[in-house]
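Protein chains: 2
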Amino acid sequence: MKTFNPAKPDGENETLTIALPDSGTPTLGNTYQVPARCGIAVKMTAGQSIKITNPSGHQVCDFWAFYQHDLNEYLSMEHLRTSLGKIIPVPGDAIVSNMRRPLLTFLVDSSPGIHDTLIAACDHQRYQQLGCNDYHDNCTDNLRMALLAIGCQAPAIPSPFNLWMNVPVDASGNTSFEAPLCSAGDYVVFKAEYDVIIVLSACPQDITPVNGANCQPAPVDFMIFIDD
Amino acid sequence: MKTFNPAKPDGENETLTIALPDSGTPTLGNTYQVPARCGIAVKMTAGQSIKITNPSGHQVCDFWAFYQHDLNEYLSMEHLRTSLGKIIPVPGDAIVSNMRRPLLTFLVDSSPGIHDTLIAACDHQRYQQLGCNDYHDNCTDNLRMALLAIGCQAPAIPSPFNLWMNVPVDASGNTSFEAPLCSAGDYVVFKAEYDVIIVLSACPQDITPVNGANCQPAPVDFMIFIDD
Chain A
1 MKTFNPAKPD GENETLTIAL PDSGTPTLGN TYQVPARCGI AVKMTAGQSI KITNPSGHQV
61 CDFWAFYQHD LNEYLSMEHL RTSLGKIIPV PGDAIVSNMR RPLLTFLVDS SPGIHDTLIA
121 ACDHQRYQQL GCNDYHDNCT DNLRMALLAI GCQAPAIPSP FNLWMNVPVD ASGNTSFEAP
181 LCSAGDYVVF KAEYDVIIVL SACPQDITPV NGANCQPAPV DFMIFIDD
Chain B
1 MKTFNPAKPD GENETLTIAL PDSGTPTLGN TYQVPARCGI AVKMTAGQSI KITNPSGHQV
61 CDFWAFYQHD LNEYLSMEHL RTSLGKIIPV PGDAIVSNMR RPLLTFLVDS SPGIHDTLIA
121 ACDHQRYQQL GCNDYHDNCT DNLRMALLAI GCQAPAIPSP FNLWMNVPVD ASGNTSFEAP
181 LCSAGDYVVF KAEYDVIIVL SACPQDITPV NGANCQPAPV DFMIFIDD
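Those sequence lines, one after another, are chains A and B.
Residues 1 to 228 (the UniProt record's numbering) make up the first sequence, in order.
Residues 1 to 228 (the UniProt record's numbering) make up the second sequence, in order.
One chain only, chain A, in its complex shape (with noise of 0.2 Å):
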């Protein structure tokens, strides 16, 4: 019988080989690259901001935090959707943890404002459902080994907050997976309240619309300041 392990990829590509140095440390003020198709897991002490940029305007980016003493607390999409009162956050909110603690705050977006926090991450069983045959890359293995990538594990996979995935809720509560509405360069900020690991995959969504029409996958920039 197949068993769900949270840490345990389904397959593997090249996020197991481009972690940051030293645990997933980064230089600050560095632009680093979320190639097509893959993840990067990066530490961020309280205090510090990460922008993360949207190069071709047409990309989604999954987007985890875990509590870096503790990665059992992390950012959670119903505990957010609780203490906002809406379900999409917007500069200003606090994004919380299953521990209903804003392990960070969103300080800018200056894409339209439409993010996700509906839809579970892709992973082996979609792939498989939406008719793939052989292994699809998919943002539930990269969330995995980017984190294996800095010697962790994923105790859980949260439901991730999905930057620029566009999916509509019309008044009977359908919903519909529709291109991006950012442009090319748009990006977000979020600041750490505390210690924390982010993770984020550069979705690798080719079937659906997701990505664009086009379904074209393409990279999501990232970059780790402190804001004077």
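Note that these hints are calculated values from the structure, not bench results.
As the structure is a prediction and not an experimental result, all values here were calculated from the model.
Heads up, a few of these hints could be off.
[To be verified] In silico DMTMM-like links for lysine to aspartate or glutamate, alpha-carbon gap of 20 Å or less:
id	chain 1	residue 1	chain 2	residue 2
1	A	K191	A	D70
2	A	K86	B	D170
3	B	K8	A	D70
4	A	K86	A	D170
5	A	K2	B	D195
6	A	K2	B	E193
7	A	K8	A	D70
8	A	K8	A	D134
9	A	K191	A	D221
10	A	K86	B	E178
11	A	K8	B	D70
12	B	K86	A	D170
Dock chain B against chain A, hints included.
Showing chain B alone in chain A's frame:
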């Protein structure tokens, strides 16, 4: 530092002592009561059905299902919303797990069909934030205790399927916590497609009007049966 342990309750109530015999094994056709503010776990074999009844008409029931042979597989609201293309399931829908397998099928709903898949189970931190100084019964601990009472440990706190919880989402994505819209005696029926452990918590929320305008938590009834 307080860490997050998915298996360990932050406090206790009688959930620890009201387990069904033989590690949660029901007598088919027997009606059981989940006392107000408490939780119970019950084992179902594939092919059996569960009828969950709302005697008062104003009580929310937090609902989880775990695959008996691998508790790391459980109902996942974020995977469910993806598979359904909507935020609230209706009779006929498959209720899927984090492995995207239909652990249950939603068979019958005598109520107006207003349930919730967006909001986290209430927990110790939630009641502290709502102003409680002492321990307050909560659905997260009821889940933990209901599993402990049959000799199991929660591997995570999955986002619950909140039966009869009324959290409308408006066109701007804003949510609100409203009283249930069902009537006394309304019920839902789910069929187990695999061997599962169901956990029901009669939500102890008495500060917000989730359990009705009078904020009076009430019991929930259930019965396991085979539909011939």
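Each hint tested on the structure:
| no. | hint | result |
| --- | --- | --- |
| 1 | A:K191 <-> A:D70 | holds, 19 Å |
| 2 | A:K86 <-> B:D170 | holds, 9 Å |
| 3 | B:K8 <-> A:D70 | holds, 15 Å |
| 4 | A:K86 <-> A:D170 | holds, 14 Å |
| 5 | A:K2 <-> B:D195 | holds, 15 Å |
| 6 | A:K2 <-> B:E193 | holds, 17 Å |
| 7 | A:K8 <-> A:D70 | holds, 19 Å |
| 8 | A:K8 <-> A:D134 | holds, 18 Å |
| 9 | A:K191 <-> A:D221 | holds, 16 Å |
| 10 | A:K86 <-> B:E178 | holds, 14 Å |
| 11 | A:K8 <-> B:D70 | holds, 15 Å |
| 12 | B:K86 <-> A:D170 | holds, 9 Å |
Violated hints are absent here; each numbered hint is respected by the structure.
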